[in-house]
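Numbering (this note's numbering), first residue to last: 1 to 379.
In short, the hints are calculated from the structure, not lab data. Even glycine gets a Cβ: it sits at the ideal position worked out from N, Cα and C. Treat the hints with care, since some could be wrong.
To be verified - In silico DSSO-like cross-links for lysine-lysine, where the CA-CA straight-line distance does not exceed 30 Å:
id, residue 1, residue 2
1, K244, K161
2, K329, K357
3, K161, K329
4, K310, K240
5, K300, K329
6, K100, K310
7, K376, K357
8, K310, K329
9, K310, K248
10, K310, K244
11, K244, K100
12, K300, K100
13, K300, K376
14, K100, K240
15, K161, K248
16, K310, K300
What the hints assert, rightly or not - Pairwise CB distance ranges, derived in the manner of DEER restraints:
id, residue 1, residue 2, range
17, E158, Y246, 21 to 29 Å
18, T301, N48, 20 to 28 Å
19, G309, S149, 49 to 57 Å
20, E250, N25, 29 to 37 Å
21, V332, P43, 44 to 52 Å
22, V312, E99, 40 to 48 Å
23, Q378, D330, 17 to 25 Å
24, L27, E250, 30 to 38 Å
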Amino acid sequence: MSETSPEEAVFRRRIILCMDGTWENPLSNTNVFRWFEHVNMSPHTFENEQWIQIPGYFKGVGLTDTGQEDPVGAAIGQGIDQQILDAYQFLGNTIHDYEKDEVWVIGFSRGAYAARSLVGMLYNVGMLGAHQMTPQNLISAYDFYRHRSLDTTPESPEAYKFRETYECQNPSIRFLGCFDTVGSLGIPRLPFYLGGSIFQQLFHQKYQFHDTNISPYVQSAFHAISIHEQRQWFRPVLMKYAEKPYCKQELTQIWFPGVHQDVGGGVDEHAPDTSHYVLPNKSLQWMMERGQERGMVFTKTIDDICHGGKFVLNDSYDSSIIYRLMARKDRVIDPRIFHDQGVHAIYESGDFSYITKEELASYPSRTLNRYLTYLKGQT
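Throw the hints in and build the complete structure from the sequences for me.
Structure representation (structure tokens):
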């Protein structure tokens, strides 16, 4: 916990943890980084309370110390543990008042996995006490969270004992915003002829989600999901409500047109800065509007931040020979399983100035068509 001056003590803190995806850093300019760089850090008033906003940015996995891409490290999720622990430690050093301060967590792709894992860790073990935040205790807390057994669930006697021993507290998560969370870090479930069973044992079991139910400490959760992504390496993991009868949660999941990067934004060798493109801007605009409604203050208006309107057709499946090792696979929007989801209006009609019906028609999707067919059958 950081020390505060008498002047700062009157302010409530809104701490924003921004966790980026694979190979992503500030130069990538993803939607996560754009959120981070536009957080207004000037004191302000919201609902008759005085606030300051403190953002932290955590680069994605698969990068070397010099910032170069590491394909092997990316494939096995190397660095995901450190990304989670860095964000955890930043929060522990920044939070001032567990009753009044707010925690916000934003993530994209594997960074969204990391964001949701961090939230799960805060539910399971809590935040180490101010005098307990040592490197060894930090590792102990993470190992306890990662250990999968009935003896280490958040409600178990062992978990209560751990939190008491290390003077842990459970911060409330005001806002969890994720752009296209991918399952098991996006590590592919390879067929047996590509060594799938060995890969599964080594990496999937270590990094699979404990539970897709979000923590009961999360007040509001929002998830922007790609309709057009067809890489089997990038299977989406949707959110479910916490299974707690006393828990009141807000959960909204919206499917957006475009592939993985169209939803999360960014720059790579195959595409220029997507901040000029309409699809990444619309998912970011939607997420920022949800944040603004709940108190987030940005340095500019959301319209100014998300003004780019160029329509670009992307096909992530053909972007690398690696992805073509496995056949294309359309995603499935199944409202029978998840009732808290819908399709963004940008795709439901073409009556918008920033995109035409002809442009939408050039981006067909069996995923969307199956969903719309299902809805027609319900009327």
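Worksheet item: So which hints don't hold here, by number, going up?
Response: Hint check: 3, 4, 5, 6, 9, 10 and 13 fail, others pass.
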